[in-house]
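Number of protein chains: 2
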Amino acid sequence: MKKIINQPGDVVTQMVKGLASAHADILAQVPDTQVLYRTVETPNIVGIVSGGGSGHEPSHAGFVGKGMLSAAVSGEVFTSPTPDQIFEGIKAADNGAGVFLVIKNYTGDVMNFEIAQEFAEAEGIETAAIIVDDDIAMEDSTYTAGRRGIAGTVFMHKIIGYYADQGKSLTELADIAVKVNNNLKSIGLALSAATVPEVGKPGFDIADDEFEYGIGIHGEPGYRREKIKPASEMAAELIARLNEEFAWAEGDHYAVLVNGMGGTPLMELYLFWNDIHEQLTAAGLQIDFVKVGNLMTSLDMEGASLTLLKVPSEDAEWITALQAPVNTAAWG
Amino acid sequence: MKKIINQPGDVVTQMVKGLASAHADILAQVPDTQVLYRTVETPNIVGIVSGGGSGHEPSHAGFVGKGMLSAAVSGEVFTSPTPDQIFEGIKAADNGAGVFLVIKNYTGDVMNFEIAQEFAEAEGIETAAIIVDDDIAMEDSTYTAGRRGIAGTVFMHKIIGYYADQGKSLTELADIAVKVNNNLKSIGLALSAATVPEVGKPGFDIADDEFEYGIGIHGEPGYRREKIKPASEMAAELIARLNEEFAWAEGDHYAVLVNGMGGTPLMELYLFWNDIHEQLTAAGLQIDFVKVGNLMTSLDMEGASLTLLKVPSEDAEWITALQAPVNTAAWG
Numbered sequence: 001m002k003k004i005i006n007q008p009g010d011v012v013t014q015m016v017k018g019l020a021s022a023h024a025d026i027l028a029q030v031p032d033t034q035v036l037y038r039t040v041e042t043p044n045i046v047g048i049v050s051g052g053g054s055g056h057e058p059s060h061a062g063f064v065g066k067g068m069l070s071a072a073v074s075g076e077v078f079t080s081p082t083p084d085q086i087f088e089g090i091k092a093a094d095n096g097a098g099v100f101l102v103i104k105n106y107t108g109d110v111m112n113f114e115i116a117q118e119f120a121e122a123e124g125i126e127t128a129a130i131i132v133d134d135d136i137a138m139e140d141s142t143y144t145a146g147r148r149g150i151a152g153t154v155f156m157h158k159i160i161g162y163y164a165d166q167g168k169s170l171t172e173l174a175d176i177a178v179k180v181n182n183n184l185k186s187i188g189l190a191l192s193a194a195t196v197p198e199v200g201k202p203g204f205d206i207a208d209d210e211f212e213y214g215i216g217i218h219g220e221p222g223y224r225r226e227k228i229k230p231a232s233e234m235a236a237e238l239i240a241r242l243n244e245e246f247a248w249a250e251g252d253h254y255a256v257l258v259n260g261m262g263g264t265p266l267m268e269l270y271l272f273w274n275d276i277h278e279q280l281t282a283a284g285l286q287i288d289f290v291k292v293g294n295l296m297t298s299l300d301m302e303g304a305s306l307t308l309l310k311v312p313s314e315d316a317e318w319i320t321a322l323q324a325p326v327n328t329a330a331w332g
Numbered sequence: 001m002k003k004i005i006n007q008p009g010d011v012v013t014q015m016v017k018g019l020a021s022a023h024a025d026i027l028a029q030v031p032d033t034q035v036l037y038r039t040v041e042t043p044n045i046v047g048i049v050s051g052g053g054s055g056h057e058p059s060h061a062g063f064v065g066k067g068m069l070s071a072a073v074s075g076e077v078f079t080s081p082t083p084d085q086i087f088e089g090i091k092a093a094d095n096g097a098g099v100f101l102v103i104k105n106y107t108g109d110v111m112n113f114e115i116a117q118e119f120a121e122a123e124g125i126e127t128a129a130i131i132v133d134d135d136i137a138m139e140d141s142t143y144t145a146g147r148r149g150i151a152g153t154v155f156m157h158k159i160i161g162y163y164a165d166q167g168k169s170l171t172e173l174a175d176i177a178v179k180v181n182n183n184l185k186s187i188g189l190a191l192s193a194a195t196v197p198e199v200g201k202p203g204f205d206i207a208d209d210e211f212e213y214g215i216g217i218h219g220e221p222g223y224r225r226e227k228i229k230p231a232s233e234m235a236a237e238l239i240a241r242l243n244e245e246f247a248w249a250e251g252d253h254y255a256v257l258v259n260g261m262g263g264t265p266l267m268e269l270y271l272f273w274n275d276i277h278e279q280l281t282a283a284g285l286q287i288d289f290v291k292v293g294n295l296m297t298s299l300d301m302e303g304a305s306l307t308l309l310k311v312p313s314e315d316a317e318w319i320t321a322l323q324a325p326v327n328t329a330a331w332g
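Quick note, the sequences are listed as chains A and F, same order.
Under full-length UniProt numbering, the letters of the first sequence match residues 1 to 332, in that order.
Under full-length UniProt numbering, the letters of the second sequence match residues 1 to 332, in that order.
Hints in this document: simulated from the structure, not taken from any laboratory.
Among the hints, erroneous ones may be present.
Just so you know, same-sequence chains aren't split out, so a pair can sit in one copy or run between any two.
Claimed, not checked - Listed next, the in silico PhoX-like pairs over lysine-lysine satisfying Cα-Cα at most 20 Å (straight line):
{"hint": "1", "residue 1": "Lys2", "residue 2": "Lys227"}
{"hint": "2", "residue 1": "Lys229", "residue 2": "Lys201"}
{"hint": "3", "residue 1": "Lys201", "residue 2": "Lys227"}
All of these numbers come straight from a predicted model, not from anything done at the bench.
Chain A extracted, bound-state conformation (with noise of 0.2 Å):
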């Protein structure tokens, strides 16, 4: 194993003392904790929390900010953090009107954030929480039941960022995330397998003329394996599998995310997104939103993940709250 690290064991710890004084100038952590907490402009609106098992930076820490999360919680790598800790993260990040959690489906994680919740609730903090699965490549895996929450958990923070920041309750904020999550679809790929630092080796062996589609961001398998192929055809495969799911029509409307999974670079994610647009406005999609980069990774692993998002004309301000302006680590 090859890294730019320290002790495998001091990983998080180190990496979250590198976020907080990277970004002292929006957010700060909670002492003794791996809690990250917005500092710039609190206000009297609702709460976001959210987190998981480190190993998926930017996300979460590098959504915290104006607009977006008001706390981050990392657990160490790929391993859901404590209630105890996401109890910190919940009363950094309450300001009097609740705190809304964002919860990617993992058993775990779903189990210590709703701990967390119960932590909350007899402090006299309101909660309310989604749980986001918008992986559609498999359904029960390996840490998960039900489908996995991946990439689309980002445009999750984004547009309930926004609403929290327009002043919407709890009760509101938690209606919009269940009509979110419903439209919210992702599917990925990938080319290798990431290296947990205290494991030291690849999680998964894989040829080195093989992908794999449907590979989860730690690592669980996928429903394939093949040789390698052109990327139009990688993204004609993902494409068809979100069609079975969203059957779309001609004019219909659509956020999209290219996502990275670390050890990807923005060339390959760039030219992905080309054939993906390429293919999408071919079947007649209005694409009115699309975010390309590395923003819930898997460590170094090589591979991409498509999300998209079914925005209901009802629903247009979606696209503005995917389109409004933050102050955060790494939303551009």
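Given chain A's structure and the hints, the job is docking chain F onto it.
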């Protein structure tokens, strides 16, 4: 070679199309070229043009927009753009106040940008240029006479872009750029080699337990290979080399860029920054600005570079310039 691409010869063309459609709100492609130019708010100020070989994304197109570049010219992978293409960039950037060129010090880039300047002058467009040579690792490298231009170039874009937006003249920008360049030093390290799509294999061999100090952003050789060691020791070496140049005193002011080479995830970059921060602070330096991210990459190479910009007290406005909000794809 496993990459998300189509034909290796088409990667730049397809990436440029992808950049143009993904960021259609701020830039556009000059038809039939690999030039992307700013379309958002183009007042009568000096235009700023940069570019070079592709493979360094988000450099340079990711910095086109309000407050940074007016146009970016992408050559083939690791290959200087032609004078014709650069000239198209100059024309696209010209708003009547002349055009300033930011050139990284590689023999091909310098030659082709200078020929393009002659084309521009012949058409009555006034130009000036800075040649950035911030890499202290080596003199006279594979593609370079003197020192190479690497990640520090992004700070040059930001500072010069700010002053152009402030209405500075071509001559004033040239004077600022010389002073910035004199105070701008970088040095990198690599854990693996980049694979150029048309070559199909890594540009050099390196053992599974080794890394190399001083490697360039096109895989040019560095100055020493060692067994992999803790990030804190890597940081100490880079900092010691930089201090051979700066010979800093306690209380000196600096801006810092921790740049990833493309294949290194943010977790490692923030952890590396944490070590750098501790060591620079222990040396008594004042860090007035820091940026961490994959900004001047080398395709999928794993590694990082450290850039320090010394900020003389009479130039404290450089920090304002670095902090000023912009509207670009890649400067957050």
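Evaluation of the provided hints:
no.: 1; hint: Lys2 / Lys227; in the structure: between (27 Å within a copy, 10 Å between copies)
no.: 2; hint: Lys229 / Lys201; in the structure: between (26 Å within a copy, 17 Å between copies)
no.: 3; hint: Lys201 / Lys227; in the structure: between (23 Å within a copy, 17 Å between copies)
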